[in-house]
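S.K.: The lines below spell out each chain.
There are 2 protein chains.
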Amino acid sequence: MFKIPDHQVAGHQARDGLLGPLIDDSGRFYKPLQNDERGSKEVSFYTSFSSNPRIPDHIHKFFPVFYGTQVLEASDGSGLHPHLVLEDLVSSCLSPCIMDVKIGSRTWYPEASEAYIERCFKKDRETSSLELGFRLSGIQIYESKELGYWKRGRKVVQKLSADEVRQVLRKFVSSNSSGKSDLSPDCAFASMVYGGSSGILAQLLELKAWFEDQTIFHLNSCSVLLVYEKELALKGEFSGAKAKLIDFAHVVEGKGIIDHNFLGGLCSLIKFISEILTSPDECEKKTSLQDYEKNELPSDNGAL
Amino acid sequence: MFKIPDHQVAGHQARDGLLGPLIDDSGRFYKPLQNDERGSKEVSFYTSFSSNPRIPDHIHKFFPVFYGTQVLEASDGSGLHPHLVLEDLVSSCLSPCIMDVKIGSRTWYPEASEAYIERCFKKDRETSSLELGFRLSGIQIYESKELGYWKRGRKVVQKLSADEVRQVLRKFVSSNSSGKSDLSPDCAFASMVYGGSSGILAQLLELKAWFEDQTIFHLNSCSVLLVYEKELALKGEFSGAKAKLIDFAHVVEGKGIIDHNFLGGLCSLIKFISEILTSPDECEKKTSLQDYEKNELPSDNGAL
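Residue numbers (the working numbering), protein chains in the order written: chain V, 1019 to 1322; chain S, 1019 to 1322.
Because the hints were derived from the structure by calculation, they are not lab data. Treat the numbers as computed from the prediction; the structure is a model and nothing was measured. Glycine included, each C-beta is placed from N, C-alpha and C at the ideal position. You may find that some hints are simply not true.
[To be verified] Incomplete in silico selection of chain S near chain V, CB under 7 Å:
| no. | residue |
| --- | --- |
| 1 | Leu1150 |
| 2 | Gly1151 |
| 3 | Ala1180 |
| 4 | Glu1230 |
| 5 | Gly1274 |
| 6 | Ile1275 |
| 7 | Ile1276 |
| 8 | Asn1279 |
| 9 | Leu1281 |
| 10 | Gly1282 |
| 11 | Gly1283 |
| 12 | Ser1286 |
| 13 | Lys1289 |
[Stated by the list, open to error] No more than 25 Å apart at the CA atoms, straight line, and that leaves these computed lysine to any residue pairs for SDA-like:
| no. | chain 1 | residue 1 | chain 2 | residue 2 |
| --- | --- | --- | --- | --- |
| 14 | S | Lys1177 | V | Gln1232 |
| 15 | S | Lys1289 | V | Ile1077 |
| 16 | S | Lys1289 | V | Thr1233 |
| 17 | S | Lys1177 | V | Tyr1127 |
Bound-form chain V, shown alone:
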């Protein structure tokens, strides 16, 4: 009944006998509760969020549906373990392109332990978080039935420069995004995936408007997951592009103050994406960058 997700780009993974999330055929995603307070904090967040009357209706679509918690056999064979039961965000996808973007120039927060603050402070400076206001945590781009997916993990993408992030955001919506391609990304699906009244940019702007106002939660170290169906995009059909928030193990109460750290980072991501829409020809001009990336972008497996 339970199986290992095919399309997970970041976070703990249930491979090689480790503890990680599982899915089932009914479209549910089972995320093992972390043993320390992170697990209980994430349960508290989902419980509070799903029943909070101050969350506007139109905001719920940005969060995975929460079905409660369930004890089940852990993926690492260690026995019964409590899991969050969530909507599987890619259960209906056959060829999903997915990007995990951790939002915020700062992943720590005053309520955390000094050890955690020190660790995050260092990491935010070493990765692109401090500079960009966000960092990539993982990406997969569907290429074709034959080639499968181009995937890059956290270690590879979290330290990208601004120019490299621009390149990856272009590659994410391109038809010639094969790792082996010598071409610069053509941004063929930019207007379909990022643009339009229901595209990712419009969704992020809707989210931004809420973050300018909401003072309920501070979403520390939380990610925006960007997803679309590449096969549908290739056919010119609606790609189902969506932005979803995930990972709430470090959420704290807003106490009447907006989450200015999340909001600033979100606005930075919005700016990067809107530049792709307003300067589509940049994709052509940036051949030199593409060359740069081919040579310099480190690869998970040593081959692009």
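Given the coordinates of chain V, work out where chain S should sit on it, guided by the hints.
M.R.: Same frame as chain V, but now just chain S:
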């Protein structure tokens, strides 16, 4: 010809024989260049800003006019010293209410020295910067000809809690703001000063729209100065409410990335101010807070 400004609420002051800014009768403000690189960085910023064709016309009004630099006798009697020559933002004011708000949850930046980063990191956590995304650096409220000004300096206001900041922002636009008053702030001038199409909120929103887009400068450790004429407000005339940016000794190049730290903090300040406009009756309800403030808000001179 040169004299010590009457209405300076933050920063180095030319009193007691110290080095500080001077003004003249022509409406100019002479700010001594700091000897270290901060002085030259501020000159660079003003020079670059005033001649940069990428700054939209309507944005220039948020910055003091820059007239160049001039060597003149320093206020501390130490001899000739180079000064920035700027517009005196309160030269035409007879009874200005002024608030200096340092924007950003983080005042340090990657290019700074480790010693500076460590100092700022500590201070941002000790003051309200980290929590609120900004901290007050000084305030003066005109009360009346007899009572003069209610003033609070940096040390008193930089650590205020969210509730105390709310109270101060209300007091700033109230007719009964006398320090001796037992009344909670009536917010009598809130709609005139903060509200309206030319009020401070509208100005801050215009500034925010620019910060969502501009990737030229990162305004680290910069302040928004809020100013209006209390006597005019008392007469029901246009109060000349304005928001101006000052202090650019730590500006760095944006390098194609928005200033997400400034933007986040600005949005937080905007939220605080907009709440006063949308909940004017809060002023009435918060008597308990006023009581709290009377007892708890530390005073510069030991008497409220």
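S.K.: Each hint should be assessed against the structure and marked as holding or not.
M.R.: Outcome of the hint check:
1. Leu1150: At about 6 Å, which falls below the 7 Å cut-off, the nearest Cβ of chain V leaves the hint on Leu1150(S) intact, so it holds.
2. Gly1151: holds (4 Å)
3. Ala1180: holds (6 Å)
4. Glu1230: OK, holds: Glu1230(S) within 7 Å of chain V, min 6 Å.
5. Gly1274: holds (6 Å)
6. Ile1275: Constraint on Ile1275(S) satisfied, holds at 6 Å.
7. Ile1276: holds (5 Å)
8. Asn1279: holds (6 Å)
9. Leu1281: holds (5 Å)
10. Gly1282: holds (3 Å)
11. Gly1283: holds (6 Å)
12. Ser1286: It holds, given that the least Cβ distance between Ser1286(S) and chain V is near 4 Å, below 7 Å.
13. Lys1289: Constraint on Lys1289(S) satisfied, holds at 5 Å.
14. Lys1177(S) - Gln1232(V): holds (23 Å)
15. Lys1289(S) - Ile1077(V): holds (19 Å)
16. Lys1289(S) - Thr1233(V): holds (9 Å)
17. Lys1177(S) - Tyr1127(V): With Cα atoms ~17 Å apart, Lys1177(S) and Tyr1127(V) stay inside 25 Å; holds.
The structure is consistent with each of the numbered hints, conforming to all of them.
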